[in-house]
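In order, the protein sequence lines correspond to chains A and B. Per the numbering used here, the first sequence starts with residue 1, numbered consecutively. Per the numbering used here, the second sequence starts with residue 395, numbered consecutively.
Taking lysine to aspartate or glutamate pairs in the EDC-like style, the calculated list, with each CA pair at most 20 Å apart, reads:
1. 14(A) with 529(B)
2. 559(B) with 502(B)
3. 451(B) with 31(A)
4. 25(A) with 439(B)
5. 14(A) with 506(B)
Label pairs and their in silico Cβ distance ranges:
6. 456(B) with 17(A): 24 to 30 Å
7. 556(B) with 223(A): 53 to 59 Å
8. 297(A) with 439(B): 37 to 43 Å
9. 504(B) with 28(A): 29 to 35 Å
Looking from chain B toward chain A, a few residues come up when the C-beta cut is under 7 Å (computed):
10. 422
11. 424
12. 441
13. 445
14. 505
15. 527
Hints in this document: simulated from the structure, not taken from any laboratory. All values reported here derive from a predicted model rather than from experimental measurement. Glycine included, every Cβ here is placed at the ideal spot set by N, Cα and C.
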Amino acid sequence: MSDFKNIDRLFQEKLKDYEVSPPNKVWSGIENNLTDFPQKRRIPLWVKFASIAALIMLFISIGAIYILPTNNFTGNLFKLPSAKSTVANESDTLKPFETNTKKTIIAKTVNHKVKPKTITEKPVEHNLKIEENTNIAEKQTTTKTLPEYLADTKNLPLQKKVEKKVSKNDLNNAKFTVATVYAPIYMNSFGSGSGIDGQFKNNSSSGNSSYSYGVKIAYQLNKKFTLQSGVNLINLGFTTNNVYVTPGVTVVGLSNILSSTNLGKDTKSSKELNTTGSLNQVFGYVEIPVEIKYNVTNGKFGVNLVGGFSTLLLNRDEVFIETPDYTQSLGSSNNLRSINFSGNIGVDIDYLIHKNLYLNVSPMFKVQTNTFSKNSGSLLPYYLGVYTGINYKF
Amino acid sequence: MGLNKLIKQCAKNDRKAQKEIYQLFGDKLFSICLKYSRNKHEAEDNFQDGFITIFNKIDQFSFKGSFEGWLKRVMINTILIKYRKKNVLNIITDEIPDEVVVDVEEDELSLDFLLNLIHELPERYRLVFNLYVLDGYSHREISEMLRIAEGTSKSNLARARGILKQKIEAYQQGQQSI
Numbered sequence: 001m002s003d004f005k006n007i008d009r010l011f012q013e014k015l016k017d018y019e020v021s022p023p024n025k026v027w028s029g030i031e032n033n034l035t036d037f038p039q040k041r042r043i044p045l046w047v048k049f050a051s052i053a054a055l056i057m058l059f060i061s062i063g064a065i066y067i068l069p070t071n072n073f074t075g076n077l078f079k080l081p082s083a084k085s086t087v088a089n090e091s092d093t094l095k096p097f098e099t100n101t102k103k104t105i106i107a108k109t110v111n112h113k114v115k116p117k118t119i120t121e122k123p124v125e126h127n128l129k130i131e132e133n134t135n136i137a138e139k140q141t142t143t144k145t146l147p148e149y150l151a152d153t154k155n156l157p158l159q160k161k162v163e164k165k166v167s168k169n170d171l172n173n174a175k176f177t178v179a180t181v182y183a184p185i186y187m188n189s190f191g192s193g194s195g196i197d198g199q200f201k202n203n204s205s206s207g208n209s210s211y212s213y214g215v216k217i218a219y220q221l222n223k224k225f226t227l228q229s230g231v232n233l234i235n236l237g238f239t240t241n242n243v244y245v246t247p248g249v250t251v252v253g254l255s256n257i258l259s260s261t262n263l264g265k266d267t268k269s270s271k272e273l274n275t276t277g278s279l280n281q282v283f284g285y286v287e288i289p290v291e292i293k294y295n296v297t298n299g300k301f302g303v304n305l306v307g308g309f310s311t312l313l314l315n316r317d318e319v320f321i322e323t324p325d326y327t328q329s330l331g332s333s334n335n336l337r338s339i340n341f342s343g344n345i346g347v348d349i350d351y352l353i354h355k356n357l358y359l360n361v362s363p364m365f366k367v368q369t370n371t372f373s374k375n376s377g378s379l380l381p382y383y384l385g386v387y388t389g390i391n392y393k394f
Numbered sequence: 395m396g397l398n399k400l401i402k403q404c405a406k407n408d409r410k411a412q413k414e415i416y417q418l419f420g421d422k423l424f425s426i427c428l429k430y431s432r433n434k435h436e437a438e439d440n441f442q443d444g445f446i447t448i449f450n451k452i453d454q455f456s457f458k459g460s461f462e463g464w465l466k467r468v469m470i471n472t473i474l475i476k477y478r479k480k481n482v483l484n485i486i487t488d489e490i491p492d493e494v495v496v497d498v499e500e501d502e503l504s505l506d507f508l509l510n511l512i513h514e515l516p517e518r519y520r521l522v523f524n525l526y527v528l529d530g531y532s533h534r535e536i537s538e539m540l541r542i543a544e545g546t547s548k549s550n551l552a553r554a555r556g557i558l559k560q561k562i563e564a565y566q567q568g569q570q571s572i
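Assemble the whole structure, with the sequences as input and the hints as a guide.
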C-alpha cells in the first residue's frame with residue numbers, strides 16, 4: 001500500500017509530533033554556564049557621569065594634598081602613601097564600570113538601527129495578520145512578530161525591554177527625595193598622634209562624641225541606583241589626654257597653636273605643681289556628600305547600601321584646654337586643612353510611614369583623607385554616625 | 395507555580411525555576427535542534443547554547459503572545475547565528491526554479507530515516523528546508539534571517555527537495571530489489 005505524497009507534507013506529518021529528550025548531561029552544562037555568566041546587568045549612562053564625578057573628586061583631593069598648606073611635608077610623610085593607595089583602589093573600581101558602559105552604548109545604537117525597520121515593514125506585510133489574534137496558532141504569532149527577531153536574537157528583545165522600562169517609569173515617577181538629617185557622631189582615629197603638637201604624639205588621644213545635621217536630596221536614577229547629595233554641618237572633637245597644665249606661666253609654645261598660653265608636657269619635675277588636663281581640638285565642617293545608593297530590598301522596609309565621598313570645608317577650628325577646674329580657649333590650630341575629603345560607606349534603611357513619607361536610618365562610616373597638614377603623627381580620623389531623618393519623595 | 399511566575403523567577407536567575415522551564419520545554423526545543431543541526435552532537439551543543447541565551451534574555455520576554463513561540467524563536471535564532479557565521483561562502487546564485495511540487499511514493503519511511511536525510515543535506519539547504527517546510531517561515535523572512543537573497547532561499551529549497559526526493563527514491567528502489 002503506497003501512494004504519492006507531496007514531499008513537504010511527508011516531512012511535516014512525520015516530524016510534527018517529534019520530541020526527543022535531551023541527554024541529562026546537557027542540563028549540568030547549562031547550569032555551569034549560567035553560574036559563569038550571571039544575569040547581564042546593563043549599566044546605564046549615568047554611571048559614566050558618576051565615575052567622571054568621582055574622578056574629578058579624586059583629582060581635587062590629590063591636588064589638595066599637594067597644593068593647600070604646603071609647609072612642612074616631612075612631618076607628614078605618612079600621607080603620601082595613603083593617598084597613593086586611594087588612587088590605586090579608585091582606578092580599580094572604575095575600570096569595570098567604563099567597559100560596561102561602552103557595551104551598553106553599542107547595544108543601544110544597534111537597537112535604534114533595527115527599530116525603523118520594524119515600523120516600516122509591519123504595516124505592509126503583516127497588516128492582516130495583526131488584525132487576527134495571537135492565540136490562534138503559534139505559527140501566526142511567529143510570523144507576526146518575526147521581523148522583530150530577524151536581525152538577531154540579541155537586538156529585538158532588547159527593544160521590548162526598553163519599552164517596558166519606560167512605562168514602568170511613568171507609573172512610578174517619585175524620583176526626587178528631600179530629607180532632613182540628624183546624626184550623633186562618634187569620632188576616633190586610626191594611628192596615633194595628636195593634632196595639636198608633635199610633642200604629644202605619644203599621648204593617648206580619643207575622639208569626642210558630637211553631632212551632625214543638614215539636608216539631603218536624592219535622585220533616583222533607576223530601580224536600583226540612587227544618587228544623593230546634600231549639605232551637613234558637622235562638629236568633630238579630638239582630645240589629647242594626659243597633658244599637664246601649669247597655671248599662670250607660659251612654659252612652652254606649641255607649634256600648631258597660633259596663640260599658646262600655659263601648657264607643659266608631662267615631666268617628672270613639674271608633676272607636683274601641675275594639674276592633669278586634656279587638650280580639646282574642636283573643628284567643624286560644612287560637609288557636601290556625593291553618594292550612590294544601591295537598593296537591596298524594597299517594600300515597607302527598604303535596605304540600601306551607600307558609598308561615596310564627602311567634601312569637607314572647614315568652618316570652625318578651636319583648641320581648648322580642659323582640666324577638672326577650668327576650661328580655657330587656646331586659639332585656633334594652624335594645621336587643619338581648609339578642604340579635606342572623606343570616603344563614606346554605610347547602610348541606609350527606609351521605613352514607609354505614610355504615602356510619600358519615609359523614616360530613614362543610615363549608619364555611616366566615614367574616613368577622612370587629609371585632615372591635618374603637618375605635625376600630627378599618623379593620625380587618620382574616622383567617624384561613625386547614625387544619620388536619621390524624615391524623607392519626602394516626590 | 396504559574397508559568398508567568400516561573401518566567402519571572404527565571405529572570406531573577408532562580409536556578410529551580412530555570413530547571414523547571416528546562417524540563418517543561420526541553421524536549422520540544424531539543425527536537426528543533428536535532429532538525430536544524432548537522433548531527434546529534436552539534437544538536438546538543440546548539441541546545442545548550444540556545445538555553446543559555448534563553449535564560450540570559452528571559453527578562454526580555456514581554457508576556458505578549460506565546461512563551462513557547464518565543465522560546466522556539468530564540469532557539470532557532472541562536473542556531474542560525476551560529477551557522478550563518480560559518481557560512482561565509484555563497485557562490486550558488488543560479489536561476490530561480492519554479493515552485494515545483496515534488497511527490498514521492500510514501501512507504502513505511504521511519505522518522506529516523508527522514509531525520510537522517512535532513513542531517514545529510516548541505517548546511518544552507520537544511521536550514522532553508524527546516525525554516526520553510528517545518529516551521530512555516532516565508533522566503534522573505536528566511537532571506538532576512540539567513541542574510542541571503544530571496545531567490546537564493548527559493549532555489550535552496552528546490553534543491554533540498556530534489557536531493558530528498560532522490561534519496562528517498564534510491565532507498566525505496568534498494569528496498570524493492572531486495
